[in-house]
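Once you've looked at the hints, go ahead and assemble the two chains, each given alone in its own frame, into the complex.
Protein sequence lines, in the order shown, are assigned to chains A and B. Residue numbers for the first sequence follow our numbering, so the first one is 1 and each next one is one higher. Residue numbers for the second sequence follow our numbering, so the first one is 1 and each next one is one higher.
The hints are simulated quantities; they were obtained by calculation from the structure and are not laboratory data. Each residue gets a CB set at the ideal place from its N, CA and C atoms; glycine is no exception. Just so you know, nobody snuck in bad clues.
Taking beta-carbon pairs under 10 Å as the criterion, some of the chain B residues facing chain A (in silico):
no., residue
1, F94
2, S112
3, D271
Derived PhoX-like pairs (lysine-lysine); straight-line CA-CA distance at most 25 Å:
no., chain 1, residue 1, chain 2, residue 2
4, A, K243, B, K280
5, B, K280, B, K219
6, B, K280, A, K241
7, A, K243, A, K231
Between beta-carbon pairs, the in silico distance windows are:
no., chain 1, residue 1, chain 2, residue 2, range
8, B, S141, A, K32, 36 to 42 Å
9, A, K32, B, G159, 49 to 55 Å
10, B, D252, A, P213, 37 to 43 Å
11, A, G21, B, V179, 51 to 57 Å
12, B, D218, A, E228, 27 to 33 Å
13, A, G21, B, E307, 49 to 55 Å
14, B, S43, A, G21, 50 to 56 Å
15, A, G53, B, E304, 54 to 60 Å
16, A, S240, B, S195, 19 to 25 Å
17, A, N244, B, R188, 21 to 27 Å
18, B, S195, A, G162, 19 to 25 Å
19, B, S141, A, R18, 32 to 38 Å
20, A, K193, B, D153, 52 to 58 Å
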Amino acid sequence: MKIVVPIKRVVDYNVKVRPLGDQSDVDLNNVKMAMNPFCEIAIEEAVRLKEAGTATEVIAVTVGKSDSQEQLRTALALGADRAILVETDSLLEPLAIAKALAKVIEAESPQLVILGKQAIDGDNNQTGQMLAALLSYGQATFASEISIDGDSASVTREIDGGLQTIKVSLPTIITTDLRLNEPRYASLPNIMKAKKKELDIQPIDAMGIDTAPRIELLSVELPPARQEGIKVESVEELVSKLKNEAKVIS
Amino acid sequence: MSTLVIAEHDNVNLKPATLNTVAAANVIGGPVHILVAGNACQSVADEAAAVDGVEKVILADDSAYENQLAESTANLIQSISANYSHILAPATTFGKNVLPRLSALLDVQQISEITEVVSDDTFKRPIYAGSCIATVKSSDSIKVITVRATAFDPVNASGGSASVESISADGVSDLSTFVNEEIAQSDRPELTAASIVISGGRGMQSGDNFHLLETIADKLGAAVGASRAAVDAGFVPNDYQVGQTGKIVAPDLYIAVGISGAIQHLAGMKDSKVIVAINKDEDAPIFQVADYGLVADLFNALPELAEQL
Numbered sequence: 001m002k003i004v005v006p007i008k009r010v011v012d013y014n015v016k017v018r019p020l021g022d023q024s025d026v027d028l029n030n031v032k033m034a035m036n037p038f039c040e041i042a043i044e045e046a047v048r049l050k051e052a053g054t055a056t057e058v059i060a061v062t063v064g065k066s067d068s069q070e071q072l073r074t075a076l077a078l079g080a081d082r083a084i085l086v087e088t089d090s091l092l093e094p095l096a097i098a099k100a101l102a103k104v105i106e107a108e109s110p111q112l113v114i115l116g117k118q119a120i121d122g123d124n125n126q127t128g129q130m131l132a133a134l135l136s137y138g139q140a141t142f143a144s145e146i147s148i149d150g151d152s153a154s155v156t157r158e159i160d161g162g163l164q165t166i167k168v169s170l171p172t173i174i175t176t177d178l179r180l181n182e183p184r185y186a187s188l189p190n191i192m193k194a195k196k197k198e199l200d201i202q203p204i205d206a207m208g209i210d211t212a213p214r215i216e217l218l219s220v221e222l223p224p225a226r227q228e229g230i231k232v233e234s235v236e237e238l239v240s241k242l243k244n245e246a247k248v249i250s
Numbered sequence: 001m002s003t004l005v006i007a008e009h010d011n012v013n014l015k016p017a018t019l020n021t022v023a024a025a026n027v028i029g030g031p032v033h034i035l036v037a038g039n040a041c042q043s044v045a046d047e048a049a050a051v052d053g054v055e056k057v058i059l060a061d062d063s064a065y066e067n068q069l070a071e072s073t074a075n076l077i078q079s080i081s082a083n084y085s086h087i088l089a090p091a092t093t094f095g096k097n098v099l100p101r102l103s104a105l106l107d108v109q110q111i112s113e114i115t116e117v118v119s120d121d122t123f124k125r126p127i128y129a130g131s132c133i134a135t136v137k138s139s140d141s142i143k144v145i146t147v148r149a150t151a152f153d154p155v156n157a158s159g160g161s162a163s164v165e166s167i168s169a170d171g172v173s174d175l176s177t178f179v180n181e182e183i184a185q186s187d188r189p190e191l192t193a194a195s196i197v198i199s200g201g202r203g204m205q206s207g208d209n210f211h212l213l214e215t216i217a218d219k220l221g222a223a224v225g226a227s228r229a230a231v232d233a234g235f236v237p238n239d240y241q242v243g244q245t246g247k248i249v250a251p252d253l254y255i256a257v258g259i260s261g262a263i264q265h266l267a268g269m270k271d272s273k274v275i276v277a278i279n280k281d282e283d284a285p286i287f288q289v290a291d292y293g294l295v296a297d298l299f300n301a302l303p304e305l306a307e308q309l
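Bound conformation, chain B alone (with noise of 0.2 Å):
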C-alpha cells in the first residue's frame, strides 16, 4: 500500500496545499510518493523531494504539462497508477479539475473534499454545504480522493531527502490547449494560506467600499475575501469567493463584515479559529457562528477599526 500525491505548482515554487495534501497521506499510511508534472519544473522537484516524509518524488518535466491541463495530466496520473492504493491531490481548482477525470479512467468513484482520514478506506468529508459530515467507505481497489486542506496541518517542507525518478510524457492529449491566463496580481497573502482574511458581503455596497476593508488588511497582514453575494454583486472578481462553491478558508482570525451568513458562505469559514462578526442587522445569522459580534454600521466601523489597528 502506497500514495500518490499529485503537486500542485506553478512550475517554480510547491504550493502549500500539497503539503497539507501529504499530512493526508501520512494518515493512511504507507510510502508516500509526489508527482510533479509540469513543464521545467525541476525547483519544484526539489522542494517537493525535501517535504518531510516524502519517500520519493516522480517528475515527468515536459512541455506537454505547462498548464497541467486535464487531459494530458490525467493519462499521465493513469499511467502510474497502478503502483498506488490510494491517489490524492488539493481539493483546489486544479484537483477537482483533474482528479474525477482520472477517477473515472480507472472505474473507479472518487472521495472528494475529505476533512478527516478514518482508516485506509473510511473517510469524513462535508456534504450539503457542511450542514452534514458524511462517514463513507470505500470499495474500490484504488482511492481516488481530493483533501481540503484545511482540514489538515501541513507537513514540514524541509527535513526530507525523498530520492526524484524521471518519467516521460505518457498520453499527451491535443483536446484542449491553453490560451492564456489572468492571474491577480496582489501583495497580500494568498486567501487559503493567510492567518487572517477579512471578508465584505453586499453590506459593503460597492466594490469602491473594499478599501476600507484592504486598509485593514494591510495593517494586519490579511487577505481579503468576500460573500457570494458581493461576487455576484459585481463588487469583487470570483477569485474572492468564500463558501461553498467558492474557498475554503480556515485562518487563526477571520472578520466578516456586512456579511448576512448564508449558509452558503459558513460552509467556507466556519472553521476559522476566532470568528468576528460586524453587522448592522443585530439578527444576522452571522452572529451564530462569531466569536466577537459587533452590531455597528460598517461605514463607521471599519475606519475606526482601521484607525485602532
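With the rest of the complex left out, here is chain A (with noise of 0.2 Å):
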C-alpha cells in the first residue's frame, strides 16, 4: 500500500507573529520556518504503518516555494521514501493547494492519503476535506487512531463531545489529531541519508489547474490588547474582587 503525506512549510509555533508595520500582510521577515506539526504526526503515522508492514510506500509532497525542499528533506529523514515538490512562487489558499494535491494523488494512486488537520499558519482546517471532495473520496478528519482493514479504514475521531468511530473505504483521505501519535525526531544519520533520497519538483505551471486566488487580504492588524490586570495577594483576596468588583461569582 502506497500512502501519500502532503505536508506544510510554516513559521515555527514558538514564534510570535506580528502584523508587517503597514498593516499590510504579517511579518515574515527572517522567523523560523518549520513543518506544520500536524504535518509531522501525518509523516509518523504514514512510517508507522510501513514500520508495520501494511504500507510499502511512503510519499511527502508539498505545494510551495522553493525552500520548502527543507521541510521535504525533514519528512524523507523522518522515514518518507521520497518527496514531491509542486512549485509556485505564490502563496497559494486551500482550494487551490488541494487541487495541485489531486493531481499529484492522481498519477501517484495511493490508497492512502494522510495530512494534517490544519496548518498553524492560517489556521484555515480545510485541505484535508476539500482534496476528498475533489477525488470524491470519502473523508476521517481529526483522526486519534487508525486501524486498516483489507479495502477500508477504521478511524477514531475527536469530536467536539468525545470521540466518534466510522469506517471509510480506501483510497480515502484522514487528517491527523494531536492525539494520534507522538512524532519521533529525525536522527544525524538519517539526516545525512535523507540528503541521498529522490525529491521531484514538478511546476505547478505544467498542472493546468486554476489557482487564482479567491480571497483579497485587505489588512492584518493585532487583536485588541487586554487591560493590564492585578496580582491578588491571597485566596481570600481573589474570592472578594470577584463578588465584589468583577461580579462573577455570587
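Right, here's the structure in full:
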C-alpha cells in the first residue's frame, strides 16, 4: 500500500507573529520556519504503517516555494521514501493547494492520504476535506486512531463531545489530530541519508489548474489588547475581588 | 441574497452554536434559512422554526443523515446551494468537517472561523493562533463560511415562526459509515457554553489531581477544561482541550490553574470576560492576560478556594 502525505512549511510554533508596519500582511522576515506540527504527526503515522508492514511506500508532497524542500528533506529524514515539490512562487489558498495535490494523487494513486488537520499559520482546517471532495474520496478528519482493515480503514475521530469511530473505504483521506501519535525526531544518520533520497520538482504551471486567488487580504492587525490586570495576595482577596469587583461569582 | 445556516444538532435538540451562527447571518443581512439534516429529527426542525428571525427551515429527515457524516451532508447542501449567496455553519468539529468539503464541491474558497462580519463579502478572522486578525474579502459567488460561536451573541431561541419545508435525501454516499460514538457524560455544562470555566495545565501533575478543579467547578456550576500540555501528558481527554487546536471559549469567568499561557492556549480563551490565573511561577505569560493573578502553589490554593466558595 502506497501512502501520500502532503505537508506544509509554516512559521515555527514558538514564533509570535506580528503584522507588518503597514498592516498589509504578517511580518515573516527572518522568522524561523518548520514543518507544520500536524504534518509531523501525519508523516509519523505513515512511517509507522510502513514499519508495521501495512504500507510499502511513503511519499511526502508539498505545494510551495523552492525553500519548502527543507521540510521535504525533514520528511525524508523521518522515514518518507521519496518526496515531491509542486513548485509555485505564489502563496496559494487551500482550494488551489488541494487542486494541485489532487493532480499528484491522481498520478500516484495511493490507497491512503494522510494530512495534518490544520496548518498553524492560516488555521484554516480545509485542505484535507477539500482534497477528499475533489477526488470523490471519503474523509476521516481529526483522527486519534487508525486501523487498516483490507479495503477500508477504521478511524476514531476527536469530536466536540468525545470520540466517534467511522469506517471509510480506501482510497481515503485522513487528517490527523494531536493524540494520534507522538512524532519521532530525525536521527543524524537519517538526516544524512535523506539527502540522497529522490526529491522530484514539478512546476505548478504544468498542471493546468486554476490557482487564481478568491480571497483578497485587506489588512492584518493585532487583536485588541487586554487591559492590564492585578496580582492578588491571597485566595481570600481573589474571592472578594471576583464577588465584589468583577461580580462574576456570587 | 439569502443565507443558509447549517444546524448543528443531535437529532433531538438544536445545539446552541447554531444560534450564534444565525446571529452572524443576521449581520450579513437578507433572509435566513436553516437546514436541519438528520434522522427522526422533527423536534430539531420545530426548535429551528422558533428561532428568532429565521424565515424558513429546510428539513431533510432521512436515515442517511443520522450521524451527519461529511460526504452525504456536503452533497445534500450542494443540492440546494444555488438558492443562496452565503452558507454558514458553526466552527465546531461538525462544521469544520463538512463545510470545506462542500466548499470544494462548489469550487469556492471557504472562509474559516470568522469573528466579525464587516460587509456581505468582507470578514475578520484570527490567524496564527489569534496573534493577528486578518480582514479578508471574498470574490466567490457563494460565500462558504464557518463562524466562531463565541464572537457572536446568540439570537433568541424563541419568538420566530418559520415555515418548515421537507426535502428528500439527495446524493447519499456510502464512502464512510458510522461505527460508534463515545460521548463523554457529565453533569457539568458544556465547555463552549459554560459561563464559568476552570482549566488545568501541566502544573496539575496528574489526571487524578483534576478532582481539585472538579470540586470547584461543581460549586460554581463551571465546566472543566485543560491546556494542550495537560492533554498531551495524558491527564485528561482531548475534548477538554482549550486552545488553537482545541475548543474556543469565552466565558464570563475563566480560571487558569497551573497553565503557563502559551500562545496556543491563549488563542482559545483570551476573549473571556474575566481571567484568573493561579500559577507558582510569577513570570508565567498567563499573568499578562489575567485580570487577577495569584502567585501560589495550586495544591494549597485550590483547596482554600474550594473552601471559600
